[in-house]
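Asker: Which chain is which? The protein sequence lines are A and B, in order. Residues in the first sequence are numbered from 4 upward in steps of one, following the numbering used here. Residues in the second sequence are numbered from 752 upward in steps of one, following the numbering used here.
Rather than coming from a laboratory, the hints here were simulated on the basis of the structure. Careful, some of the hints might be misleading.
Each computed DSS-like pair below joins lysine-lysine, with the alpha-carbon atoms no more than 27 Å apart [unchecked claim]:
#1 K322/A - K295/A
#2 K1101/B - K838/B
#3 K1101/B - K753/B
#4 K1118/B - K836/B
#5 K295/A - K197/A
#6 K1212/B - K11/A
#7 K309/A - K753/B
#8 K22/A - K753/B
#9 K1212/B - K838/B
Computed spacing ranges between beta-carbons, pair by pair [as the list claims (entries may be wrong)]:
#10 A319/A - E1264/B: 36 to 42 Å
#11 R327/A - P1315/B: 42 to 48 Å
#12 K185/A - T1283/B: 45 to 51 Å
#13 G109/A - P1352/B: 41 to 47 Å
#14 P1315/B - R200/A: 57 to 63 Å
Idealized CB from N, CA, C, for every residue including glycine.
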Amino acid sequence: MKILTPNKVDSFFQLLTQKWDVRLPIVLTDGTRVISSLGDGSIALHGGAVSSKPTAAFFPQHSSVFISVNGLIQEQTTPGLPIFVLGFTDRDLECLRFIDRFFANGLRDDIYFTLRSNAVVAGISGYCGVNGALLQPSSGNCDLEFFWDGCRWLIIPYSGAGNEIVADLPDSAPPEAIEAFKKASTALPDENEKILRQASELLRADRVPDSFWSEIGDRCISCTGCNLACPTCTCFGVQDWRSSKTIERSRMWDSCQLDGFMREASGHNPLGTEALRTRRRIHHKLAADPEKWGDISCFLCGRCDKACPTGIGILAVAKELVARFA
Amino acid sequence: MKRTLTVCPYCGTGCTFYLVSDNGRLVGVEPSTTHPVSRGGLCIKGWNAFAFVHHPDRLTTPLIRRDGLLQAASWDDALNLVVEKLKGLQKNYGTDAVMFASSAKATNEENYLLMKLARAVFSTNNIDHCARLCHSSTVTGLAETFGSGAMTNSISCFDQTDLILVIGSNTTEQHPLIGSRILNAVRSGTQLIVADNRRIRLARQADLHLRHKNGSDVALLHGIMHVIIAEDLAEEKFISSRTENYAALTESVAEWTPERAATITGLEATEIIAAARLFASAERAMIVYSMGITQHSHGVDNVRCIASLAMLTGNVGRPGTGVNPLRGQNNVQGGCDMGALPDLYSGYQKVSDPQLREKFASSWGLKSLPATPGLPLTRAMNAATEGQLKAMFIMGENPVISDPDQRHAVATLQNLELLVVQDIFLTETAALADIVLPAACYAEKDGTFTSTERRIQRLQKAVEPPGEARADWEIICRIAERAGYPGMRYSTTSEIMEEIATLTPIYGGINHERLDPHGLQWPCPDIDHPGTPLLHVDGFTRGLGRFSPVDHRLSAEQTDEAYPFVLTTGRTYFHWHTGSMTRRTHLLNREEPHSFIELHPDDAATLGVRNRDELLVSSRRGRLKTQARVTEMVIPGVVFMPFHFAEGAANTLTNNVLDPESSIPEFKVCAVQVEKLP
Ligand code: SF4
Ligand code: SF4
């Protein structure tokens, strides 16, 4: 276990930039906290999960697929420094695990893994949540983890790459700090997880009537925010931009809340109403994914509930559903 | 990776977000979590606002028409030609032979500069912008009744109100982050009346949905006011202490019994009575309206009635109340504030006032400025048809798609001796131009936008413009320079704002630094002023609120045997106006890829039409092909079309008849025939 004192934080990450494309929680000019590069704002490790999904480091909103000039596909430019990204909470790491598996499954997604393969992922935990609330330590499914014990960062490396990153830091965690970490690691029962499980069971038992979904769907303004904010949403659309000599193919985050997502070439749409689409979004995370992957693919990161302008993020809907049909 | 805080370029809600860029290319958008309006959310247009910026169709070099074709040219040649031709035409035909069209998509600084260019450099008041087509009725109607033509309250008021009357606004589609507030308010117990015959999303949540006939708003509002007065529900204290001319209102609505209003609106008298009682019973009631009220040949009258209803019930000057015209474009409020209007300088200061003329002239280093108000945009188009107007300089507008009666608009533009278009894409209008100037888009420049709640916010440059494209303000300054005017040299847009602040009392306390991070709401008269979330608190801007009674007038074109359907036009959620940006945004264009017409199932059955059948729609002005969308969104006898699509352009059909006072076209009512194509 390594130690990083608050006064060394800036210089530690500054030094890392020599070898890594460093991304970490920063606070932007208006107080929004996101994961971004050093220099884009001041480092803001405290404050809990950042508003934008940390998985965007590997699956950005928009990325190039290929460029062809005069009919010839251009070689992709050599990749820059490998990515170091700090800021995954325990829940975010679960999300990352889920999409790592998804993108590796079957036809491995090479665009994702170009960024992901050599990256170092750092978790964040400890008493650095909103107003010092505890963020649950991870189960070790990252390269290293930054744990705030109230006075300093304890850094726990889990992989070779993680070890390499903190090799030069002092190795002298006091016993009470280690104790704090152990205590924090004993999982607390989470009321929201219980609700999500209950909602999942209700859906799988087909106990939720269509009228519920019309009611919820009537409140969806199709902003797509729930999908775009979600770290386990992996759908993308593909576009081609053509000019006289070049074709630029790129992909961008898509959303199953959109009519065009499932519209058939005939114009017919099997998911032609917000009610059906909202049902599908929630059903996919809580009923379909558990069947395919053995996991509910919502890890309660809270982002869709914050992004949804009309209060129908997944937890809000799960709560309503459980209150009415359990 | 870089993140630049900026303002959404689409609607007037004024959400802010960060543009995410990597190596000079935009790769995404991240909402601001602290912004008081967007609060971590955005609508789909905001989420995709980065996606058109690097499109290969962007204009990258000036173009000059040679041998009938637009050909690449240097900035020097293009700008010299612009100045030479404009001056030449003015010499031959008088200074008022040219018209400048500014843009509600451009910044405050750019609108101010274009109006300065027109007035100071080219000595004409012929300057206007697309507010003429959307809220000119509001500017006229509310200036007369309240003394200020802007939204009286703030968006946060939706969280503090007991009742919301939405009339002629499809808020969840056109101001989505205001619509979502309304949905949330309703969930927490706020009552909702929707007066709109389309079954918009808000209508599904409404306590009362009034599906009155198109163009019958005056009758509806008169009926409601009649009931309020007859049942003694009016707010007497407010009326006697804060308003004038009430007797005239009572007289004018006296005959508008709910039964009479019912015959004209097509509603039941009981619906009108219920609406009146519900509205009057609310302690705090907000009225929200938009184009459904303004875009009529009696648009100003509609606005007057709305102002009267608010005053009659004492719903002005308190949180959770007010008359709230939702301004459509991101900066249409600012375009008006900056005096891109034929009769007003920035801050609604009258051109006809000699003292104000003197103030602007001396600040701009001139002996005098033209005194007679210029032409409104819509009348300028008519003047061009008739040959009095010879040249138009259009910045960031696309009248070929957005103006009523497309055939007339195209013929008019072709009739000009000079058409200059400054834009980011080669729009349908730019394609007709003699000279095209390539502009930077919102992501490529600095400045400010003013949202519908009068919130002035900073736009910040995230990436460089493509090729030789330049910010509108830089182009305008270079034109002024070439025309021999030395008074338009600025190195930054904040210097322009400093000048605006000295000349514009409502912006007196504005400078760019003060606007971080979430802007200020005007009036903001001095540097210590915190801005004004609520207007007319202790008194109206004009002193007493004025009841302005109106007479009921029918829409200009009525249905008949040859044209039996009422056509009403508008927008969809996924596109913006003439589509130059949204139709080049993959997800948005995938959602609504082509022109369509909404048709009630009963009408569809009569015509033997099924969903997605191809239809021929014709009016007295023209005809087009479009796709049927059979839906109960519309009432029988009424069809709806969005105007975004160049192929199947709704404005081929619309009627170029204008409100006599505001010169707004009647986009909301015309008569058409609908036929199934074999
Ligand atoms: S965030 Fe909410 S309103 Fe937006 S698409 Fe998702 S469910 Fe609909
Ligand atoms: S609501 Fe308006 S301002 Fe907000 S993101 Fe949507 S288009 Fe932009």
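Asker: Against each hint, give a clear statement of whether it holds in the structure.
Answerer: Hints versus structure:
{"no.": "1", "hint": "K322/A - K295/A", "in the structure": "holds, 24 Å"}
{"no.": "2", "hint": "K1101/B - K838/B", "in the structure": "holds, 26 Å"}
{"no.": "3", "hint": "K1101/B - K753/B", "in the structure": "violated, 44 Å"}
{"no.": "4", "hint": "K1118/B - K836/B", "in the structure": "holds, 24 Å"}
{"no.": "5", "hint": "K295/A - K197/A", "in the structure": "holds, 21 Å"}
{"no.": "6", "hint": "K1212/B - K11/A", "in the structure": "violated, 33 Å"}
{"no.": "7", "hint": "K309/A - K753/B", "in the structure": "holds, 23 Å"}
{"no.": "8", "hint": "K22/A - K753/B", "in the structure": "holds, 19 Å"}
{"no.": "9", "hint": "K1212/B - K838/B", "in the structure": "violated, 33 Å"}
{"no.": "10", "hint": "A319/A - E1264/B: 36 to 42 Å", "in the structure": "holds, 39 Å"}
{"no.": "11", "hint": "R327/A - P1315/B: 42 to 48 Å", "in the structure": "holds, 47 Å"}
{"no.": "12", "hint": "K185/A - T1283/B: 45 to 51 Å", "in the structure": "violated, 56 Å"}
{"no.": "13", "hint": "G109/A - P1352/B: 41 to 47 Å", "in the structure": "holds, 44 Å"}
{"no.": "14", "hint": "P1315/B - R200/A: 57 to 63 Å", "in the structure": "holds, 58 Å"}
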